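Engineer: The primary structure of each chain is shown beneath.
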Amino acid sequence: MVEFAMHNAWLIPLLPAIAFAAIALLLWPWPKASSTFSILMILTSFVLALAVVYGVYTQPELIEKSMVYTTRWFSMPGLRIDVGIMLDPTSAMMLWVVTLVALLVQIYSLGYMEGDPGFSSFYAYLSLFAASMLGLVLSSNLLQMFVFWELVGLCSYLLIGFWFYKDSAREAAKKAFITTRVGDFGLLIGLLSLQLIFGTLNIPELAEKAVNFQNYVSAETLTLVLVVLFLGPIGKSGQFPLHVWLPDAMEGPTPVSALIHAATMVVAGVYLVGRILFLFKEVPAAMHVVAIIGGFTAFFAATIALTQTEMKRILAYSTVSQLGYMMLALGAASLTASMFHLMTHAYFKALMFLGAGSVLHALHGKAHIHEMGGLYKKMPWTTWTFVIGALAIAGIPPLAGFWSKDEILLVVKEAAHEAPGIYTPLFWLALITAFLTAFYMFRQVFTAFFGPEKPENHPHEAPWNMRLPLIILAFFSIVGGWVGLPWLEKGFGYWVRMGEFHHAEPDYVLMGVSVLLALAGIYLAYLMYLKKAIDPDKVAEKFGVLYKLSYHKYYIDEIYLWFNQMVVDGMGKILYWVDLYIVDGIVNGIGAITRGSGAVLRYTTTGNLQTYALVIFMVIVIITLYFAFGDASFASLFLGGGK
Amino acid sequence: MFNGEVIAFAIVAFLLIFSALGVVFMRNIVHSVLFLAATFVLMAVTYLMLDAGFLAGIQLVVYAGAVSIMVVFAVMLTKRSDLHETNLFNSLTIPGAIISLLVFLGLSWVVVKTPWNIAERPLVDPMAINKIADLMFGKFVIPFEVVAVLLLVALIGAIILALEVKPQK
Amino acid sequence: MITLAHYMLLSAVLFAIGLFGVLSKKNAITVLVSTEIMLNAVNLNLIAINKYIGVDGFYGQLMAIFVIAVAAAEVGVGLGIIISMYRNKETISLDEFNFLKW
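Sequence order for the protein chains is B, U and Z. So the first sequence is numbered by this note's numbering: it starts at 1 and just counts up by one. So the second sequence is numbered by this note's numbering: it starts at 644 and just counts up by one. So the third sequence is numbered by this note's numbering: it starts at 813 and just counts up by one.
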């Protein structure tokens, strides 16, 4: 079984793809059959993924040397593209995360999407989404990865705009697609440059050549290429300044948000950077860019999340913030910390989105946390699992988020020893973000689930098929981080790593500080929103401008809109004028010249035969004279012949 | 200097140019055609002087005989009773004269300046007609056939062009 | 002594006279006839060159025969056209036949 799964890992993305095709072509008239088939397929993938994880676990040699099966896609002189699967602890871990979340989301959707007219197509899209992401995870070639990357983008477009009769959903879907496209352009250029520089896009070959990259390209050029390539992950993983699509993406059905935010869409960018981290590692400047973008995004998104009132929007900004953490870890050259946080974040973020979906389901679409309150009495399961998720993201030991966040803080601190100018500010930003995270998550928890009940709400607990995924994810949110306990001899860091394994000593001071910050954030939220000891409105007034900036998301959307209207439309107007008067003018001018000269020259056509004969002989005489007295060799150019 | 050949050439050349000018300058088309016939005959004489007897014969038969008669027929078919002032100059006389003169000067310049590769002995052969026949029906038989077809086509074309067009009802 | 150049100059004179007739006469028949004079001038050239330069055969005379044949065909067709023109416009003055213009 394990052997079979290891050698046939391509089945893992194929099975959901089959589910997609079967539903789209055959099963769509029967919603029950569609969902059952889709869940069966993803369940099989999940089992296979488990087998792969076990297989990788029993073969530690895969850490150093990935297991790669490739086959020729196409080749031409100077270009050879292989596609294949690449198994190592990193991709095995991703397989586990993606199949787990996809499976749970599909089970959850049984309850959440019940009775929706597009039930079957929803499952088709979910299956395709899972298939694309699994394909991306397994890719051994960057071009292959790019194909799946775009498929992921397409699926997110389809799913965000799933309720296409809503204007906002359509707009959000377009926004997601177009914004990520901006980044994808950079990614494509980066990939092409890599192909030009190294002559290959196979990840193992690139890894071999990256060590001696000076033989191929200067460090400056490679830095530029990598920064351009990094635009793709910026767009896909919602990093500043292309994060604007991610909060709007919650217009899709909530299970989709869970899937996008936890396991599929946004982590693709982190995963891609992690896959080619060996290239970034060679040029520190590119690493610094990644780290600065990541650290800044983490802080930036957290400050926005402080003041938002829509439940899913808060979660969305927290996703942006946590992705910033992952990028920051990558920027500190730690694949371990980044992937570890990716995994734990997938647990608790999926948990919280599904919990939010449960609330929305119960309250029939009320999205603002101030309209909620006291839900814990009617919805105990949802409430307590959500609280577990919030504790996990806030970083309270021994929940999953604590260990991974601690790992990131640790690696950034270590990196600060190397380059203090870059990483020291980022380290402090990350610490503050930890505090902010705890605060805004518990602001949401205390406002929505505790406090006085709202009499106009009649919430009800979710059905079993929505509760089950919550419970499973809550379980993983608690224990999921224990694979990376700093005291373990061969923990997460032994398996998922890049380069030499070095066992970092647990830093108890840092742990204590981060726990204290998290507790302080929670306590402040408790004071402000449950105890009402501090009036939030007064605080908001006090911070006046800052509050407004945060509430309006730093006006980024408005800036983009302004940019579009002023610069893009203005350029359009100028170019329209140019087209109308200059391009058309040239074309029309040529036509007018032809017409005008024709109007004059037509009088030379007298119709008199003898005039024509006269002209012919006149020309003959002129040519003869030229031959007689001019440069004969020049004339022969026109007349042919000559010596 | 003034041997018989030179005298004969001078007389023939003078008459030839005179009659050719007559063709162009006569104001009566019938006189023009008469000068034309004279030109053709004198041309045949020139051919004889060049020891091309066969060509002289053809010239007499085809040009002086057939073409002249055809032109006379054309004049008859296209002219009314009064034949005075039927062969006038058009408005291009002066430019035409200048161009013609320039063409003549150009040709003369070429003739004088070109180093002609004159053979030591002129090609004179009493049995020339046999040689021409050999060439015509041997090496050049395909152009010969093509010219035959061309003549047939011209014959049919001339008939169709000159045919009376019946007014349609 | 009469040489090739004499015959060629005679031919040039005849050619120029024919050209003058073509360019400056109104009557279509005269124009056609003038082209015949030009063709004859060419024939004269061919035959003279055949005599004074052609050392290996009577190609010049043969070519002259072809020219005569083509000229005869041309005269036939040309006169047919002239008759047709006359039938349409009751004149053969080329000044009247200038309607192939703007």
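By construction, these hints were calculated from the structure, which means they are not laboratory data. Model, not experiment: these values are computed from the prediction. Keep in mind that a hint or two might mislead.
Claimed, not checked - Calculated cross-link-like contacts (lysine-lysine; reagent style PhoX-like; alpha-carbon spacing at most 25 Å):
(1) B/K65 with B/K490
(2) B/K378 with B/K281
(3) B/K366 with B/K377
(4) B/K377 with B/K532
(5) U/K809 with Z/K901
(6) U/K722 with Z/K838
(7) B/K377 with B/K281
(8) B/K531 with B/K281
(9) Z/K838 with U/K756
To be verified - A short list of chain B residues far from chain U (calculated; beta carbon distances all over 12 Å):
(10) W30
(11) K366
(12) K490
(13) G544
(14) G572
(15) D584
(16) A613
(17) L614
(18) I616
For glycine and all other residues, C-beta sits at the position ideal for the given N, C-alpha and C.
Engineer: Does each hint fit the structure? Answer for all of them.
Structural biologist: Hint check:
no.: 1; hint: B/K65 with B/K490; result: 18 Å, holds
no.: 2; hint: B/K378 with B/K281; result: 51 Å, violated
no.: 3; hint: B/K366 with B/K377; result: 18 Å, holds
no.: 4; hint: B/K377 with B/K532; result: 20 Å, holds
no.: 5; hint: U/K809 with Z/K901; result: 16 Å, holds
no.: 6; hint: U/K722 with Z/K838; result: 14 Å, holds
no.: 7; hint: B/K377 with B/K281; result: 51 Å, violated
no.: 8; hint: B/K531 with B/K281; result: 49 Å, violated
no.: 9; hint: Z/K838 with U/K756; result: 36 Å, violated
no.: 10; hint: W30; result: 79 Å, holds
no.: 11; hint: K366; result: 93 Å, holds
no.: 12; hint: K490; result: 98 Å, holds
no.: 13; hint: G544; result: 96 Å, holds
no.: 14; hint: G572; result: 61 Å, holds
no.: 15; hint: D584; result: 45 Å, holds
no.: 16; hint: A613; result: 9 Å, violated
no.: 17; hint: L614; result: 6 Å, violated
no.: 18; hint: I616; result: 10 Å, violated
When held up to the earlier numbered hints, the structure conflicts with 2, 7, 8, 9, 16, 17, 18 and fits the remainder.
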